[in-house]
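Asks: Residue-level listing of the chains:
There are 2 protein chains.
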Amino acid sequence: MASGGHSGDLPEVLVLGFPWVLPSLESQFSNRFQFLKPSNSDLPLLQFLSSFAQSARALLIPGGGIQLTSAILDCLPALKLVVTTSSGLDHLDLPELRRREIAIAYAGNLFTQDVADLAVGLLIDVLRKVSAGDRFVKQGIWPSKRKFSLGLKLSGKQIGIVGLGKIGTEVAKRLEGFGCKISYNSRTKKPTLPYPFYSDLHELAANCEALIICCGLTAETRHMIDRDVMVALGRDGVIVNVGRGAIVDETELVRRLIQGELGGAGLDVFENEPEVPKELFNLDNVVLSPHVAVLTTESMVGLTQLVAENLEAFFSNKPLVTPFEDYSS
Amino acid sequence: MASGGHSGDLPEVLVLGFPWVLPSLESQFSNRFQFLKPSNSDLPLLQFLSSFAQSARALLIPGGGIQLTSAILDCLPALKLVVTTSSGLDHLDLPELRRREIAIAYAGNLFTQDVADLAVGLLIDVLRKVSAGDRFVKQGIWPSKRKFSLGLKLSGKQIGIVGLGKIGTEVAKRLEGFGCKISYNSRTKKPTLPYPFYSDLHELAANCEALIICCGLTAETRHMIDRDVMVALGRDGVIVNVGRGAIVDETELVRRLIQGELGGAGLDVFENEPEVPKELFNLDNVVLSPHVAVLTTESMVGLTQLVAENLEAFFSNKPLVTPFEDYSS
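Sequence order for the protein chains is A and B. Position 88, counted from 1, in the first sequence is what the numbering used here calls 190; the numbers after and before it change by one each time, with no gaps. Position 14, counted from 1, in the second sequence is what the numbering used here calls 116; the numbers after and before it change by one each time, with no gaps.
Honestly, the hints are just simulated from the structure, not real lab data. Source: prediction; values computed, not measured. Possibly wrong hints are sitting among the right ones.
Copies of the same chain look alike in the list, so a pair counts if it works inside one copy or between any two.
Said to hold, decoys possible - As a list, the in silico SDA-like pairs of lysine to any residue whose alpha-carbon atoms are at most 25 Å apart:
no. : residue 1 : residue 2
1   : 275       : 237
2   : 247       : 237
3   : 240       : 251
4   : 247       : 141
5   : 268       : 137
6   : 139       : 246
7   : 420       : 164
8   : 247       : 348
9   : 249       : 147
10  : 259       : 422
Required output: the full structure, derived from the provided sequences and hints.
Replies: This is the structure we're talking about:
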């Protein structure tokens, strides 16, 4: 059933996809906004929008699962604000939004700490086989087999950060505490940070034992971690990805992992989520995570608040709390 | 078949249990030492020792799996050195060894970094549900169920270190990189370290969201983490144990985890290893690890070398490389 129609004079917020924060927004702010949900309707999306969303000025959309295409925008003549619940914006058509003069509010740096925490967790997990050990014990194998396979030392390892923005910097800070030696590749050298900079990603890979992918997905970063980078990283090298799946050539990654041409991988993101290559399911040196880097109880409380504040600001003609302004990236 | 008898004039090293490093010691140092292995014999241990180990001056014993009792020592009249492959010495009867004037060489600080790394890995894993997420993806549940449960934030958490020795200090250093607030309980206050000291363990627990147990097992620390400490920690509290299983009242821990009276646990050690309470096998907020905190490829290379160096030193009447001298603890 469609949730169209007006509840008094509440401002209307169109919701596409299934944002994690929607239930808490609805429970806390249903007296402030009216949420219009095409997902509750049997109508095809574009037909729903053309029928019920003509006056919608604000749109809420999660970071994954649905692309905000021109076809959708064409059905939303009144749209002036997109609020997205992610920090990455690869699901938005930025030039198109700019052309239409639609503002964007996003999660900003809300998730930085959580993503960095998980990146380090995945790295430790791959090297020290934490998930595989948990399986070994929980399947009752320990008493009979006794010896579990040896892990690899983290402390002192050469770690390459791919993308030294906010998240990458936090990952580096954490890994310094483990005595790791940090270097990085990024669009630009960060003169205020003490780590060696490699303008060439292959050179970074050749000088590191693990790469941690912390950048966003853009035309430039798509499949940036390709065969050549993996060759440079070497057969003992480890890849951790908390950026976006398509930054890595996943087919090549899977092939090398299966054939033992990479040391291991810790992946929170995939090219075709939630589909994950099944060939990885039996590998103890591969830790798979269902795109949860930003998902903590605490971050969802913060995000609910932030989305509401951005919507409030917009409907009161005040400046957005976390506007996205760098349309060039 | 017994491995008794002499290979030329090589000094004899009796081996009890199954030290991880034995294969690499044998492959690298079989021209330096003769390893006498009761485990290869069908004879009962004490009978083997009385028949074949009367002249053994040095003994190699792992840190887990076998207790070095007076009954064993009574069968070894020539024994002057125990080399153990662990840093914890709870499997040795220290007063008895001192009385018999038997020296001890141990692993010293060789494992400090690896143990601290795993402690942090277990904490992240419990809070961020890394192993549970890996299971969720590898069992193919993600595409149909879509949403995995939310984790808990690590960054900013109040973490209590139980036992601020070498390992505890390294854990604290790592967690500072995550923006955690560290406090600790220890036998003595460490005036050179900046963290708040709680002489009362219950008070520490009451002021923390997670406890990381980094101390050794002694008469004083046995079941130190008891019901009262768990109550003080609270129903959202997390316990990570990389010390020894018996420091925790395991029965009480299991009961509270099952009944939801604790937030979670990351356990590398257990009271009756390798037996682990099966009631924990289905809990997503419990990460179980088969006592591998010290086990990395790199540490085993270092340990093989260290054991050989201690044996060389002993048989050449030189000072041990890593003697254990604090028999009081």
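Asks: Indicate, hint by hint, whether the structure satisfies it.
Replies: Structure-based check of each hint:
For a Cα distance limit of 25 Å, the shortest separation of residue 275 from residue 237 qualifies neither inside one copy, at 30 Å, nor across copies, at 29 Å. Taking identical chains as interchangeable, the C-alpha atoms of residue 247 and residue 237 lie at most 25 Å apart whether they share a chain (13 Å) or sit on different chains (21 Å). With identical chains, the CA atoms of residue 240 and residue 251 are at most 25 Å apart both within one copy (16 Å) and between copies (20 Å). Taking CA atoms no more than 25 Å apart as the test, residue 247 paired with residue 141 passes between copies only; the shortest distance there is 17 Å, against 50 Å inside one copy.
For the identical chains of this complex, residue 268 and residue 137 are neighbours neither inside a copy (32 Å) nor across copies (55 Å), given an alpha-carbon limit of 25 Å. Within a single copy, residue 139 and residue 246 get their C-alpha atoms only as close as 54 Å, which misses the 25 Å cut-off; across copies the closest is 21 Å, which meets it. In this assembly of identical chains, residue 420 and residue 164 lie within 25 Å of each other by CA distance solely inside one copy; the values are 23 Å within and 68 Å between copies. In this assembly of identical chains, residue 247 and residue 348 lie within 25 Å of each other by CA distance solely across copies; the values are 23 Å between and 39 Å within a copy.
Proximity of residue 249 to residue 147 under the C-alpha cut-off of 25 Å is restricted to the inter-copy arrangement: shortest distance 22 Å between copies versus 55 Å within a copy. Within a single copy, residue 259 and residue 422 get their C-alpha atoms no closer than 42 Å, and across copies no closer than 30 Å, so neither meets the 25 Å cut-off.
In the structure shown, a violation is registered for the earlier hints numbered 1, 5, 10, in ascending order.
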